[in-house]
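J.: So the sequence lines, in the order shown, correspond to chains A and B. When we follow the working numbering, the leftmost residue of the first sequence carries the number 1, and every step to the right adds one. When we follow the working numbering, the leftmost residue of the second sequence carries the number 1, and every step to the right adds one.
For the record, the hints were derived by calculation from the structure and aren't laboratory data. Fair warning: this is a prediction, and the values are worked out from it, not measured in the lab. Misleading hints may appear alongside valid ones.
Claimed, not checked - Now the stretches of chain A that chain B is said to cover, found in silico as 3 or more residues with beta-carbon under 8 Å:
(1) 29-37
(2) 427-440
(3) 648-655
Claimed, not checked - So the derived label-pair ranges between C-beta atoms look like this:
(4) A:159 x B:9: 30 to 40 Å
(5) B:9 x A:209: 36 to 46 Å
(6) B:44 x A:199: 20 to 30 Å
(7) A:209 x B:214: 35 to 45 Å
(8) B:182 x A:228: 32 to 42 Å
(9) A:156 x B:84: 54 to 64 Å
(10) A:554 x B:185: 34 to 44 Å
(11) A:532 x B:214: 34 to 44 Å
(12) A:708 x B:22: 51 to 61 Å
(13) B:9 x A:734: 54 to 64 Å
(14) B:182 x A:561: 51 to 61 Å
(15) A:309 x B:3: 48 to 58 Å
(16) B:185 x A:241: 17 to 27 Å
(17) B:182 x A:236: 26 to 36 Å
Here a beta-carbon is modelled for each residue, glycine too, at the ideal position from N, C-alpha and C.
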Amino acid sequence: MGSASPGAAVVVEPGFVVFWHPDGTTPAGPGEAGTVEVVLRDGPRTVPARRVPVTDAVELLPGVSGDASAGFWSVAAQAGTRLAEAGWTGPLAPEEEQWLRRLADAMPPHAHATPLPGDPARLPEPFPVLLRFLRDVAGLAAATRVSLRLESEDLDGGRFRAVVQVHGDTLVDAEELWRTGAEAVRHGLLLVLRRCAEVWPPLAPLLAAPVPAEVALLDDDIRELLGAAAARLAELGVAVHWPAELAGLTARAVVRPGAAPDDVPAFFGGGRALELDWQLALGGAQLSAAELDVLAEAQRPVVRLRDRWVLLDPASASRARERALKPLAPVDALAAVLAGTTEVDGAEVELVTDGWLATLRTRLAELPGPAPQPAGLTATLRDYQLRGLHWLDTVTSLGLGGCLADDMGLGKTLTLIALHLRRDAGPTLVVCPASLLGTWEAEIHRFAPGVAVRRFHGGARSLDDLAGFVLTTYGTLRADPAPLAAVTWDLVVADEAQHVKNHRSGTAKALRTLRSAARVALTGTPVENTLSELWAILDWTTPGLLGTLTEFRARWAKPVESGADPAAAERLSRLLRPFLLRRRKSDPGIAPELPAKTETDRPVALTSEQAALYEAAVRELLAEVGASDGMARRGRIIKLLTALKQICNHPAHYLAEGDDAPLSCRSGKLELLDELLDTILAEDGAVLVFTQYVVMARLLQRHLASRDIPSQFLHGGTPVPRREELVRRFQDGTVPVFLLSLKAAGTGLTLTRADHVVHYDRWWNPAVEDQATDRAYRIGQTRPVQVHRLVAEGTVEDRIAALLREKRALADAVLAGGEAAFTELTDTELAQLVQLRRPA
Amino acid sequence: MTDRVRGFPAFPACEGRGPFARTWWGRAWLRAMEDTALDLRQLRRGRRYAVAGLVGPITVSPGRIAATVDATDGGPFRTSVHLAELSTADWDLLLGRAADRAGNLAALLDRHLPPELADDVPLLPGIGDLDPECDCPGFELPCRHAAALSFQVSWLLDADPFVLLLARGRTEREVLDELGQRTTRPADGILAADAYARVVPPLPELAEFNPVPR
């Protein structure tokens, strides 16, 4: 249809493309018929025309075989389409404007032949016409972002004027807008100025003139504009631009640390408050007291200082008059110095310090180097553990405390034992979940053999002749805090500290009553993801550092979590870094140091229900064994061992309880498994749980389902296609917990996604256990694997585990046949093996 | 021309609606109608009809505001209110004032009528300026139907003073165009003779224009 207008010329109007013929004939094609006034080489003329809306014309123009003006607008339409596709919103990039100006320069006369209103001798400037057309093509409403540009030819006399300007695709003064601008922009500007004059009356004279071009401002107006008025205008989206030759003042707060305290931990525990002053600077150079006096006494908002004109905003003026800020408590001062900012009247202000506090800041902020290996430790610490030890040593010796949040398997317990040896300054209290008491005790015995360990738990509650480690549980601390609170500890450690994330809980309150020179929290879960949990932990290790929970939420958690203030996250990180050390197994500096496989026995105590069942079973079944011989005797020994292992697993396993039997809080092993799974799943890990018993696996499956932990179970009866499906779901991460019966784990299983293996009960044949474990790590495994062998303390499991540890070679020979080997034991030997030994 | 007639959909029944006019010009309109009325009962009924939503869609055109009032008293009736268009001289005065102060145009765009525009210009009706007409059998002026229409018109005026300017003879577009012409400074532009005389450079290559993705 465009081809129906050969030789057509094209001009544009707001919203329309107008086709016409220079020879005055009627153009063919689509659009509404009418006329248009144009100026030709020989003067103005009114000719027939067709008007097509710009949006339709964009498709039409490239097909028009018109004159040079049609070719021009066709290219312009394509340029506009490209801008629209690039998401253009109004402002132009410099290279875009450059090209478009070249295009405008190539605009032939027929393309802008409609004369200016009232002046048939003149045509409009090409560039504004082109821009208006591009906006129409891109469907942009005219932009009306308004700002005020302050100008002055006479700073001495203090005469300023505010010039109104509009930011569209280019920056235009209001004066110019009333010559060439679009009506919509002018109207938008008028509405904005009407609001501006309402919130700040000195702008009202703008609206008293026919064109709101500029307004004269007085000193008082300038002072207001440097203060509250600018904020009110900013709320309307109107910015104020000051002349570049006028220098602005910058302010920051300075902590005056004074003389270094003799006892730093005591100082942070509640020493004298530190002075905080305002410091003003001009172009980065600090102002002297005399210069501040000049500012304080200044009568005008523009002040001569250092041979320059300086804008004195009301805030700076009041800071120059009242230089002292509210003093900071020591721990608040430390927090402010670490974050590099403080809050004054609800605004973040840069903060600096000098002297010993600056030195301390540097010391805390730098990455810890490796500490020397402590004496008395039987393990060789890896490099990252030495760094962790150095860090713990630094923060605890300052009395500040900290949270070690390394991934499980990086040796937090070992590092803490090393810290105890390093400090060598008194008893250490470890508070942990009951299921971890055994692990702590075992590791202390193993890595610091000379150090005393006792439990303050159950019936054993002596605190006489304190030395070395005391282990207790959160439950015991909550129920019986007084004896523990009466001791002055050197170090208190909260293991799995995420258990005290609710700072109002009885446990958290009891934890706060403990007196110690230093506090350390350990956790393997990524606490930094939940800022209020992190607050609860650090407010215990380093009280006051993060302020009250309400203050912390308002100042840190909200801005960081909402993402409203990207700098807030950086400030918070600077504040936290010295008190929170978190390394991951996958960190480049750590992964190479980790062995491919770490095996740990995890001793757990029996619950009282388990202990009672265990002792009864030993009593009855040993009597049966003693009363029989031959094959019957062998059978009864197997029955005895099976019963004991079931009791160690779970009372419900031994008692063959129904599907509705409660499972929680009845088995030490199950409690520990929960603890391990919480950490493993928080790390996004995957775990294989082996048991010999299908019944036990089903119980675990039910228990995990009730905790909303996805799991699946593979046993000897699982058909092959189903096996493959289960393996695939585990390998692709759909199900993180895979329960396997050891017998079922035959050949053909590749479970390399697992980074943890739990042996819930013992096979007593190391070769079989190793084979099962190997499924996780031998092929294609890139992550280190941790093997956790759950062992019920004081039971036959414990005895055999010790046997396996100490006399592996002998045990291999004795136990090669599995449980059958036990059937050859005498009654006395058997009794020694199975009788329950309660911890002292 | 069609753009010289504006139609407004009928107001729904709105018992408990607040005062009829909230703006000074809306109140001036109502006062002109009420001061003219001789029979206050007609006014009260008109008010009730207006609130009950008995007035149909309202059309506003230069010199005339009209609607159909559907009443329970034998209607519907066609009713209208006539008022004089402003003279060219009065429009000139009004537009001149509006153009003199950018704030006046800003106020109009904000749907607000600056009092200054009505000074010395008979923009707002006074007593006797509103001429009601209705095909109902009643003989009161205004009748309850014309009164109902007038009450609702005050709502329209509150929301948009351009309704009053239209009734006085000019559309919003005409007013804005006229103000635009009065306030636009002469653009520099370029002389048509120069445009035809200069050598136009070739168009730049479109391939070189690659806008930055936003």
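J.: Now, for every hint given, state plainly whether the structure supports it.
T.: Comparing the hints with the structure gives:
{"no.": "1", "hint": "29-37", "verdict": "violated (count 0)"}
{"no.": "2", "hint": "427-440", "verdict": "violated (count 0)"}
{"no.": "3", "hint": "648-655", "verdict": "violated (count 0)"}
{"no.": "4", "hint": "A:159 x B:9: 30 to 40 Å", "verdict": "55 Å, violated"}
{"no.": "5", "hint": "B:9 x A:209: 36 to 46 Å", "verdict": "39 Å, holds"}
{"no.": "6", "hint": "B:44 x A:199: 20 to 30 Å", "verdict": "43 Å, violated"}
{"no.": "7", "hint": "A:209 x B:214: 35 to 45 Å", "verdict": "36 Å, holds"}
{"no.": "8", "hint": "B:182 x A:228: 32 to 42 Å", "verdict": "37 Å, holds"}
{"no.": "9", "hint": "A:156 x B:84: 54 to 64 Å", "verdict": "59 Å, holds"}
{"no.": "10", "hint": "A:554 x B:185: 34 to 44 Å", "verdict": "52 Å, violated"}
{"no.": "11", "hint": "A:532 x B:214: 34 to 44 Å", "verdict": "37 Å, holds"}
{"no.": "12", "hint": "A:708 x B:22: 51 to 61 Å", "verdict": "58 Å, holds"}
{"no.": "13", "hint": "B:9 x A:734: 54 to 64 Å", "verdict": "58 Å, holds"}
{"no.": "14", "hint": "B:182 x A:561: 51 to 61 Å", "verdict": "55 Å, holds"}
{"no.": "15", "hint": "A:309 x B:3: 48 to 58 Å", "verdict": "56 Å, holds"}
{"no.": "16", "hint": "B:185 x A:241: 17 to 27 Å", "verdict": "24 Å, holds"}
{"no.": "17", "hint": "B:182 x A:236: 26 to 36 Å", "verdict": "27 Å, holds"}
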